[in-house]
Structures are given as structure tokens and as C-alpha cells.
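**Student:** Sequences are here, hints too, so could you generate the full structure?
Letter by letter, the chains look like this.
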Amino acid sequence: MANPSRRPRFLDVTRIRFPVGAICSFGHRVSGVALAIASPLLAVLFTRSLQGAEGYAEAANWLTPLPVRAALVLVVWALAHHLLAGVRHLLMDVGFGSALGTARASAWLVNLAGVAIAALAVGALR
Amino acid sequence: MRAVASGTRAWLLQRLTAVYMLVFLVLTLGRCAVDPPASHEAWRNWIGTGGMRVATVLFFVGLVLHAWVGLRDVAMDYVHPLALRVALLALVGAGLAAFAAWMILVLAGL
Amino acid sequence: MRFSIYRFNPERDSRPTMQNFEAVVGPHDRMLLDVLLRLREQDDSLTFRKSCREGICGSDAMNINGRNGLACITPLAGLKEPVALRPMPGFPVIRDLIVDMTQFFNHYHAVRPYLVNHEPPPERERRQSPAERAKLDGLYECILCGACTGFCPSWWWNPDRFLGPAALLQAMRFIADSRDRATAVRLEFLDDAYRLYRCRTIMNCTEVCPKGLSPSRAIEHIRQRIVKEGL
Chain U
1 MANPSRRPRF LDVTRIRFPV GAICSFGHRV SGVALAIASP LLAVLFTRSL
51 QGAEGYAEAA NWLTPLPVRA ALVLVVWALA HHLLAGVRHL LMDVGFGSAL
101 GTARASAWLV NLAGVAIAAL AVGALR
Chain B
127 MRAVASGTRA WLLQRLTAVY MLVFLVLTLG RCAVDPPASH EAWRNWIGTG
177 GMRVATVLFF VGLVLHAWVG LRDVAMDYVH PLALRVALLA LVGAGLAAFA
227 AWMILVLAGL
Chain D
237 MRFSIYRFNP ERDSRPTMQN FEAVVGPHDR MLLDVLLRLR EQDDSLTFRK
287 SCREGICGSD AMNINGRNGL ACITPLAGLK EPVALRPMPG FPVIRDLIVD
337 MTQFFNHYHA VRPYLVNHEP PPERERRQSP AERAKLDGLY ECILCGACTG
387 FCPSWWWNPD RFLGPAALLQ AMRFIADSRD RATAVRLEFL DDAYRLYRCR
437 TIMNCTEVCP KGLSPSRAIE HIRQRIVKEG L
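Residue numbers (the numbering used here), protein chains in the order written: chain U, 1 to 126; chain B, 127 to 236; chain D, 237 to 467.
One thing to keep in mind: the hints can contain errors.
Distance ranges between label pairs, derived from CB positions [as the list claims (entries may be wrong)]:
(1) A71/U / P349/D: 43 to 53 Å
(2) V13/U / T154/B: 33 to 43 Å
(3) G219/B / P65/U: 29 to 39 Å
Some residues of chain D that are not near chain U, with every Cβ distance over 12 Å (derived) [what the hints assert, rightly or not]:
(4) L273
(5) S295
(6) P325
(7) S390
(8) R436
(9) E456
Since the hints were derived computationally from the structure, they do not count as laboratory data. These figures come from a predicted structure and were not determined experimentally. Positions of the beta carbon are idealized from the N, C-alpha and C atoms, including for glycine.
**Tutor:** Dropping the structure here:
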């Protein structure tokens, strides 16, 4: 008699076709975790910039190396996506945009706008 | 019988802190984009005085509470062994509390 | 028509595998279920649930080319080949495309999916105006196929403690019913970090519901009710 507790479950996410809203939601989670990790680092930058002329100058210096500017672009993407996806959620909480068609459209908008803002950041930080 | 961990309080806290931070970021980042502070003194005077200083403290308190609810959700979704999840959340909670305390001290000292 | 179908026989296999099939489509075949039944002529060990063949019993819910749906109302036209058929994600697989729905129905029972009203019964019926009855639209039509719950990532990660979109939609069906008197108890039961609040409004549920329902919106309404009652 087969053992019920050894029943497999199909959970291979690479074989599942996620709708655009799921991509938006996953991005919301990933960007949230990324921001949580980045916040203390950004806070160090922020704090240093408030410590007189030398602090301000040193903080500015920290932002010059290319890897730091690249990381900053990722932080900008994370903030933009998390913020826009968050606004999408807040609007749905009060009843705007929870119909499927509107929800799909707003998910596309959020996903693309986040990337667009990151692209602008690349331009501004090069 | 009332469930131990009401989901509604955490959910509301996450939403309310989100709205506050949204307004704060739109106003401050917006101001910096349009009319950035001219010098390090202007920057420090803006952040470090009056209502802006209080608003910034509230921002960091809100950030820590918001991050707590979010990271707790992530832990509840993916970390199932109870002892491991409790330990992880205790660590995260301590880290966030320390972060908030540090930022309050920095801003109070300006 | 080419197929790639998930096979698992617990008496023989230690792991599931994917088996390729080449099906001849009959002249009157319109839906995926029609061809699946033909495939049994080739290999009668292929196992799946089916019954009404018209999208009302919910038996043949499965994962079709990566999305959950009912085989009997999924048109053959437009299906990308090879058509990949797998059991609904997150459910224990009993055999091939048949999954264990026990946990799913436990969650359904947990929300007390029946009218609770201890007032003395009236002479004829408990009256409900058309406007009150309209509040059940979009909630009563659920066929409990499980497609929504099996497509919900939050349910995948906590199938034992998160009730899932189907059970929560049914909970709302009774909260919204003007004849029910247990609203406060229902809301208190749902107000829990796991039972309802694992929902992140990903909306995968609404994307795949074969009856066009919106469990995500029902859950939103439950949240609004909880907050309103709480204030």
C-alpha cells in the first residue's frame, strides 16, 4: 500500500507560467528585502553627510567609485519598484483597480516604470 | 477565542507607515530634484532643524516598523522550523531596533 | 497533437516523470478533455479525474502549459505544443494528474460554509431582497475546483495554515449573506496572521478561476470588513 506521506508535490516554479501581477508582486518582495539590507548602508551615508563640510565631502567621495554607483542604480530600481507596487496595493485596498483587466495593466505599468526610472538613474549617475 | 497574532494590526501598521513614508519621500526627494540644497550647511540646516527633523525621525521609525512587518511576512512564508524562525526574527528585530535608536540619536544630536 | 504529461504511479515509481504522447485529434474534438480521453485508448494507465465535461463539477482541474485550468473547458485551438500537463501545484499527488484535496476541503470546512442563524425559523422562508441577494453574486458560483488555491504562492509555502483563496471566498460568501448571523465570529476566526493574512494580493487566483470569480477581491472585502468592525 503506497505511503501517503511520500506523495510528491509539483512545485517546479520554472514550469509555472506566472501572470504579470505575480512578477510585480515578486519584485515587490525582492525590492523590499533589498531595501531592508541597503537601508543601514544608506543611513551611514546620510549620517556622514550631516557631519560638517568634511563629512559631506567624504560622503560624496564614497559615491564616486563605479561599483558604488552601480549599486546605487539597483537601489533606485528597488525603491522605485517597491514604491510604485506599494501604491498599486494601497489603491487596491481602497477599491481602485482590483478588477483583473485593470490589475494587469497597472502591474505592467509598475514593472516598466521601475525599469525606466532605473534607466534614468543610469543616465544621471554615469 | 482570539487568535494570538492578529493579522490586522500588522497589516494596518504596514499600510499606515507606507503612506507616511510615501508622502515624506515624495516631498523630500521631490524638493532635492527641483531645488537641491546649495551647500553642506543648507543640507544640514534643512534636515537638522524644526519640523523637518521631527519628520525625519518619524520617517526612520516608520521605516523600521514597516520593514519589521515585511521581513516577518517573508520569514513566516519561507522559514518553517519554529525555533529557527523565532531566532531569525529576534535577530532582525534587534537589528531594526538598534537602527532606529541610532538614527534617533544622530538626528537628536544635530 | 503532441503532449508531455506528468506521470507518477506510487506503486512503481519513486519519482514523477514526464511522458510524451502523440494524440490523433478527432473531427469533433474541441476541448482538452476530449483528447485526454483519446489518450487513454493509447495508454489506459493514464489517470485523471473528470465528470461533467462542462466546467461545473471542477473535477479536471490541472496545470495546463504552466497555468491552472479545467481540461473540459480549455479549447484545443491555441494550445501551444507540446501541451504540458501537470497536476495542480502544491497539492500532494496521488497518481498522475490526481491530487489529494483533503487539506483543501479541511480549509473549506474550517470557515463554516453554511448559514448560521438560530432565530426561530419563519413560517415560509428567511426573506432576502434582490439587492441583498445580489451581494452573493461572484461568490456563490465557486465550484471548488481548487485551481485558484493551487496557483497561489502564499498557499504553496503554507498549505496547512493559510486557508487559501477558495476557502476565503466561501467565507466571504457567508459573511455577505444577509440571512447569516455569525459575521462577528467569522471575522474573528479569519483575523489571524496565517489564516487570512498570508494573502499578499498576488492575484494569481483571479487570473486562473475558470468561473471568472475574483477571490482576491473577496479577500479584500473581508479585510475591509474586519477593519471596519474594529474601528
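**Student:** Which constraints among the numbered hints does this structure fail? Numbers only, ascending.
**Tutor:** 6, 7, 8, 9
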